[in-house]
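Sequence lines, in order, name chains A and B. Per this note's numbering, the very first residue in the first sequence carries number 1; after that it's consecutive. Per this note's numbering, the very first residue in the second sequence carries number 1; after that it's consecutive.
Read the hints as simulated data drawn from the structure, not as lab findings. For glycine and all other residues, C-beta sits at the position ideal for the given N, C-alpha and C. Hints should not be assumed to be uniformly reliable.
Covered by chain B, according to a simulated footprint, are these stretches of chain A (three or more residues, beta-carbon under 8 angstroms) [unchecked claim]:
| no. | segment |
| --- | --- |
| 1 | 98-107 |
| 2 | 147-153 |
| 3 | 169-175 |
| 4 | 211-222 |
| 5 | 298-305 |
| 6 | 365-377 |
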Amino acid sequence: MRLHEFQAKSLLADYGLPCPKGAVAITAPEAESIARDLGVAPLAVKAQIHAGERGAAGGVRMAHGPAMVRSAAEALLGKKLVTAQTGEDGLTVRRVYVEAVTSSVKQIYLALVVEPALGGFALLGAAQGGEEIERREREGRLVRERMTLSVGAEPDPTELGAFLGAIGLEGAAQAKAATLVAGLRRAFIELDASLIEINPLAVTADGDLFALDVKMTLDDNALFRHRDLASLRDEDDDDRVKLTSQRDQLNFVQLDGDIGLVSNGAGLGLATLDMVKAAGGRPANFMDIRTTATSLDIAHGFALLLDNPAIKTLLVNVHGGGMQSCDTIAEGLGVALRRSGRSLPVVVRLAGLNAEFARTRFKNFGCAVIEEPDMASAAQRAVTVAASGRA
Amino acid sequence: MAILLDKNTRVVCQGITGWAGTHHVTQMMEYGTKVVGGVRPGKGGRSHLNLPVFDTVSAARDETGANASIIFVPPASAAAAMIEAIEAEIPLVVTVTERVPLLDMIRVREALAGSRTRLVGANSQGVLAPGVAKLGVMATGSERPGGVGIVSRSASLTSEVVAQVSAAGLGQSTTVGVGGDPIHGLSMRDCLELFFADPETEGVVLIGEIGGFEEQEAAEFIREAKPSKPIVALIVGAHAPAERRMGHAGALAIGGAAAASAKIAALEQAGVRIAPSAGLVGRTMADALAKTH
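Throw the hints in and build the complete structure from the sequences for me.
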């Protein structure tokens, strides 16, 4: 689950993260009154979206005085912001964060992140932070430091000192950063984070530290032990289709094609997508049905496809396994087709557990399916059917 | 012979009294796996499926001589179950449970370091040695004993490839699902090492996908090990929709964004044959073995 900057800053303040003064607004007059309350200038008006590189895209505006804050907020709120990380559709700005601008002598990159290759989590750092960091990395100009962290043991002070020194933190700033890292590590563990990224971490002339921007994601699989944090989910910013599918034990991504894909398991789903593409087709989605999904969950997944008018055919590629048999998926499709009243050509390829039973289920539901013997022929058939508009 | 399992594998099931434990232990015993007991805290001393139930893994190990465990414990307590099995020095542990929190898996990895346990999973369909034993939840019927080892991140694609390998007139020595989650126990590289050392494994199929760094790590190992056995890889997800990014850590972390093409290139450079399509894995392996003999 992705958090907004203002949410992350507020959560991490309890763990000792120093942030400039600021508050969040959903209207321009509200932003103006926050500016008046803060009583400082200049201020930054920052679009709150779940993506980075806002600065370069005009999503962070400098303002002197409440009136300028108001007009900056007006220019951002309700508008789509397209950054290098949002994709070309961009994201709608529904909140702005109004924050005091902090002058700094150095801007550092600091992140705690789960690193699967290490089987653990690590501290990443670079002496030069900011939005330019990836470009410098691509150009081979980035000196990046890494230190492995442990859940069971505190970081070794000598190793941490060397890490912080290598990213340009010395003296008073280093001591403050060591305390900050300890707090962030505790937050990471206690809140079940998968990412805390502070970019940049500003160092002032006095050696004080300020987090100018924070990106934070929480582990969805651990939200069961953080009921209070689950309410931070921004349903506006998440695709409605995606949220529905999360509730229904599906992993669903909408694409812009005309062939609706249904498979069990992420691997088979990706393979099906690749095969449809290779056969010259245009998939309308990626869908992975969790092994714990019931036939009703699956029916909701099919309903997401049947609600999409662009879809001309469904391709159902199922290899029934020990956790999910073919008939459960057949039943889900039968229920969904009956409820939607839509008739579409359905190409199916059934193998493995209960394939025969699934055929019976299709018959009982009155689904006229086009059956193909293997993955390649099924993908090819679906592409042909979609192109001709009929079976 | 197979890897990980043999005729002396004695299995205890953690979470045996739940629906999944009951169902899959029954199936495993029908397949011929020696299941010797179960663990369910608070239900020690009872019996379930005609098997003795114990409160702890160490009690089960002492009483039954179990040397393997399969875990069907819900996500909230799965890590504690894995750590208990590791502390009881069970040599082989398979975790089927899905959606175990990431930090819990990091705790498990910290417990595994320097231990005597090999962990398969979590979120794994398990290990199958056709004709020997099944320690997992995979459907059976299309497998047959033979010389192809299969290591995979995907349960459904493993079923698919097992069927293709059998249809090509070959069989499987062992299939291993390393698990679909980013942090897990046994890696693809570890499985390759076991398959290379196993005299009955003649060739290996590696089923990978986008994300993570395991396939590249496996490719590095293959380059160093220079195995005489042919290796066929299938990498899926070349056309998967790009995930919206947030921040830069993904780009700065080890392995980076890990596109399918980068994995395929690394494996090809290591001499691995890439299956041209998910439907042609069995045939690609049959061709590779025919050329080797």
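Are 3 or more residues of the segment 211-222 of chain A near chain B, judged by a Cβ distance of less than 8 angstroms?
-> Since three or more residues must qualify, the claim that chain B covers the segment 211-222 of chain A holds, with 5 doing so at under 8 angstroms.
For the segment 98-107 of chain A, do at least 3 residues have a Cβ located nearer than 8 angstroms to some Cβ of chain B?
-> violated (count 0)
Are there at least three residues in the segment 298-305 of chain A whose beta carbon sits under 8 angstroms from a beta carbon of chain B?
-> violated (count 0)
Are there three or more residues in the segment 365-377 of chain A whose C-beta lies within less than 8 angstroms of some C-beta in chain B?
-> holds (count 3)
Checking C-beta pairs, does the segment 147-153 of chain A have three or more residues closer than 8 angstroms to chain B?
-> holds (count 3)
Mind checking, does the segment 169-175 of chain A have 3 or more residues with a CB under 8 angstroms from chain B?
-> violated (count 0)
Hints 1, 3, 5, counting from the list given before, are not met by this structure.
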